[in-house]
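Visitor: Each chain, letter by letter, is given below.
Number of protein chains: 4
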Amino acid sequence: MAHVLGQNQYGKAETRVVRIYRDTTRHEIKDLNVSVALSGDLDDVHLTGSNANCLPTDTTKNTVYAFAKEHGIESAEAFGIHLARHFVDNNEPIKRARIRIEEYTWDRIRTPDNSARFIGSEEVGHSFVRNGGEIRTAEIVYDGTSFQVITGLKELTVMNSTNSEFWGYIKDKYTTLKEAYDRILATQVTARWKHSWSGEETQPNWERSYTHVRRHLLEAFAETYSYSLQQTLYAMGTRVLNNRAEVDEVRLELPNKHHFLVDLEPFGLKNNNEVYFAADRPYGLIEGTVHREGVTPVIPVA
Amino acid sequence: MAHVLGQNQYGKAETRVVRIYRDTTRHEIKDLNVSVALSGDLDDVHLTGSNANCLPTDTTKNTVYAFAKEHGIESAEAFGIHLARHFVDNNEPIKRARIRIEEYTWDRIRTPDNSARFIGSEEVGHSFVRNGGEIRTAEIVYDGTSFQVITGLKELTVMNSTNSEFWGYIKDKYTTLKEAYDRILATQVTARWKHSWSGEETQPNWERSYTHVRRHLLEAFAETYSYSLQQTLYAMGTRVLNNRAEVDEVRLELPNKHHFLVDLEPFGLKNNNEVYFAADRPYGLIEGTVHREGVTPVIPVA
Amino acid sequence: MAHVLGQNQYGKAETRVVRIYRDTTRHEIKDLNVSVALSGDLDDVHLTGSNANCLPTDTTKNTVYAFAKEHGIESAEAFGIHLARHFVDNNEPIKRARIRIEEYTWDRIRTPDNSARFIGSEEVGHSFVRNGGEIRTAEIVYDGTSFQVITGLKELTVMNSTNSEFWGYIKDKYTTLKEAYDRILATQVTARWKHSWSGEETQPNWERSYTHVRRHLLEAFAETYSYSLQQTLYAMGTRVLNNRAEVDEVRLELPNKHHFLVDLEPFGLKNNNEVYFAADRPYGLIEGTVHREGVTPVIPVA
Amino acid sequence: MAHVLGQNQYGKAETRVVRIYRDTTRHEIKDLNVSVALSGDLDDVHLTGSNANCLPTDTTKNTVYAFAKEHGIESAEAFGIHLARHFVDNNEPIKRARIRIEEYTWDRIRTPDNSARFIGSEEVGHSFVRNGGEIRTAEIVYDGTSFQVITGLKELTVMNSTNSEFWGYIKDKYTTLKEAYDRILATQVTARWKHSWSGEETQPNWERSYTHVRRHLLEAFAETYSYSLQQTLYAMGTRVLNNRAEVDEVRLELPNKHHFLVDLEPFGLKNNNEVYFAADRPYGLIEGTVHREGVTPVIPVA
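Chains as they are written, first to last, in my numbering: chain R, 85 to 386; chain X, 85 to 386; chain D, 85 to 386; chain U, 85 to 386.
Since the hints were made in silico from the structure, they are not lab data. Just so we're clear, the structure is a prediction, and the values are computed from it rather than from any experiment. Some hints here could point you the wrong way.
With a cut-off of at most 16 Å between alpha-carbon atoms, the simulated EDC-like pairs for lysine to aspartate or glutamate come out as follows [said to hold, decoys possible]:
hint: 1; chain 1: X; residue 1: K257; chain 2: R; residue 2: E154
hint: 2; chain 1: X; residue 1: K257; chain 2: R; residue 2: E176
hint: 3; chain 1: D; residue 1: K257; chain 2: U; residue 2: E291
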């Protein structure tokens, strides 16, 4: 009985590359985790054991390192575009490349010591402390014709200590939740947004775009008086679309990091929205896409 | 400028429910982690702040616990089917429910003590040690008409210490990998397989089906003389389809857990495929779907 | 045959308490993870099953929440001192309490929106983003007579992209490492420092002390031209002792987060200290204590 | 102002070594994670930047791999003894070595296929599935004169679904816990036990000793009718000492993995100890040492 080989892909995942720019004593760092997934004419690899069409995953790793030198890493997106184009355009059997990148950012250490060893100002030119905030993400897909670039972030944890309510919901026989008129709203944002750029024109300024999208997400979270995390999600997505023309789709995954008011009455104390238990599991999980009219959304559901 | 709310869903994730059956002194355990995702007529929740159509995630959690009592947990799949049907059939705005479940299994502790406190044989009726092997998974989707059931497992780590080669691949300017004629092949299996059952007929015996699919995956891994992990992947998928009529699609994600031969020559020693460095990152990642002819695959790419 | 019950302790670990101060529209957050360990006259609990001397761990959890309201959380250290004193002074069988705290810090979200809803300046009074940098730690031990306070931090990742060498070491038959005259030095700092305060005098300003010790650790890391991570460790420890009179012992655990130069010669490229592989495991681990003369170190080896 | 360098140590942590024995077609695997910590005359390394007394951590890694070939890995303990003796006896400045090892165990895959490729019986000689149960641990310390060997395990999760009570404890103003007369008792065992062997006599059979200690821990957990986790802890420790003459000290860390009865009354259901919420945090943490009379305990408190 014949079976069919369906979607398949392969490549080296999580190649950790750090690129230092040492052109002046004020060094620059790019710190990436790069995952390559290739697909194409790979039936024989699966079916007959012939590897004639298989570019080894070890080679995709080497290419990441070589390109970090040859092309530099201007941004995760630009680097991924270089890689994706290379794999498809230079290997006949490879028809599609997907590059996923995590980027870790570093801040400069400042010190009052202005000795000759260091550059002016308080920055130490070669000393960095890892910024422990969100992880930046980028996904670049190239099929030999056009590109699809999805930028994102994850592990960005935010909290509003007021301006959040939740009431007026369905009550069925399993409902015990009390309506809330002033609650903490906290979430760990995972966001992905698709750029309209598909390869024809000059690339956007990816770094600047990221900075602004992140800012709009934070501001929308902070400024929205919320009746549900869903409503906040929609406000965050539309805020980005309203302000960044280069983005045409936003996908958000927002776990509701519940902070439960602790009942202090057994101890003769009144809890005026002051003392909370920060719970781990279970958590509400709110997910949604907001996109421009006429655009077909492409960011997959997790 | 109007934007469109695209795919969206919400629910309580990771509700940890343990169900003990105490009908005899030989207790039984079902230990699940249940995640609910609901979708339907939820535009107002996002756009206007009205929660009139919103069944709270807290209620979905309560329902999990109540159903564990009311319906019991015969299997993760049957439990998920109960839940999915309930949410869609009893809440007009809810049009689709997706239930994801992780199942942790427990073995019985055995002891020679046959005192009256315990049941016959060496098993202690109420004492268990968690089986630290693979985690079972199940995903049930119901849209009011039919069901889709995808069973799976993850974190099943396997190794062949021989019978694996890798050579004859593409060599480009970035290729340094040496061909291998006897290497270790190790991977941590993530597998998902779709059942053909969609709700019309009697449910399959989910527990028995799982046991056999798992066995076929392991046997195919062990018995395949491998020229690539891709080839092993295809062998594993087809083995399941050949032996289990209730399954019509298999998706596998196989990270290549590299074991690199350590170069011992600097120490005057010869490494006859005996001493390996087990690497963490990067790793090859091989993914693929095998399905029956005529079946449209539905398991999404991760 | 009689056996002896040796050191033992118990308590509730990882109670997650979030305290919001809402006195003005500019809210303040304290976000702690509190672990209590009590010891004393607890032999009967272990030997006879009598719990007459056992304060339940659930009660220690409740006390954490109640104290967050009753005493507030001025600092992790002050909060731990309140708790430790309470458990020992109010429970006759409890002779010693150890409180361990992790503290997660939050930054304010800024937004240009100065609507009436928010306070002046660009800060949103009730909106926060979690500072993903280091986790602060505190350990308070009280035995009914005196206190021991150890403050610390962990997960502070730093890197020098130059000014680090390593050579002149022992070469034995298993040595293959090449001497390095310009390498990356990166580590994830775990630091603990003991305060000389033991309960008699007014408590130090814990928050200010922390800020300064952290700053000295970072500056010493940045400013030390390093011949080994050991040397950097010693420089960091002495820098703290030289500048902070309230500290008399510093313990550091510094994993050497290796960044290996990638060999690009097979690709016809020269790697001028620009492209690195950031390795996970194995890693060098350098640990050491620096303390004032005459002080007996107390911070335990991990 | 002079400061003092106190306790310090260094070495390569987490060297992952896999040793395959291929003497017959029935291969054997030893899979270890080895961490080396050396101490001795290392002041200059910290103070002056001279590395003359420093054996590089890279060399300690190499030694692990070379010894896996030269001496084989009969057991984690024997392997650690080889390493510790080597570092101290062959490097004048090194006065003390501590070797910590994690061991991951593998089971054989069985298959009915008895083709010539495989050995007799149903076992495949070269195919393994990782045993996901507990991780074995070993710590060997050598100071040039005598050895100290502490064997252990972690991540062994066990549950009794009855035969556990908890009542009769202290009630203070912060106590709300209800007494329990039939509760679930679950814990994730971390155990360490010291062998009396210190180097003079023939080494014990480490593998056999481990098997039996593990069995006694499990049996004592299963057979103890428990009035507190402390009581169970003591029963587990004494069971080992009573049965294994080679062990003279046992240290246990037992997190109380709370399973809370879910209140089903709002749904008109009665919960007869059947449906539980498995909580993550906070958790009770019970720790204790049991040792033979006259033996000074040495296993440190975590």
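Visitor: Hint by hint, note whether the structure agrees.
Guide: Each hint, compared with the structure:
Of the pairs offered as hints, the one joining K257(X) and E154(R) holds, with about 13 Å between alpha carbons and a cut-off of 16 Å not exceeded. Note on K257(X) and E176(R): the hinted pairing holds, with a Cα-Cα distance of about 15 Å set against a maximum of 16 Å. Distance hint between K257(D) and E291(U) is unfulfilled; the C-alpha atoms sit about 31 Å from each other, more than 16 Å.
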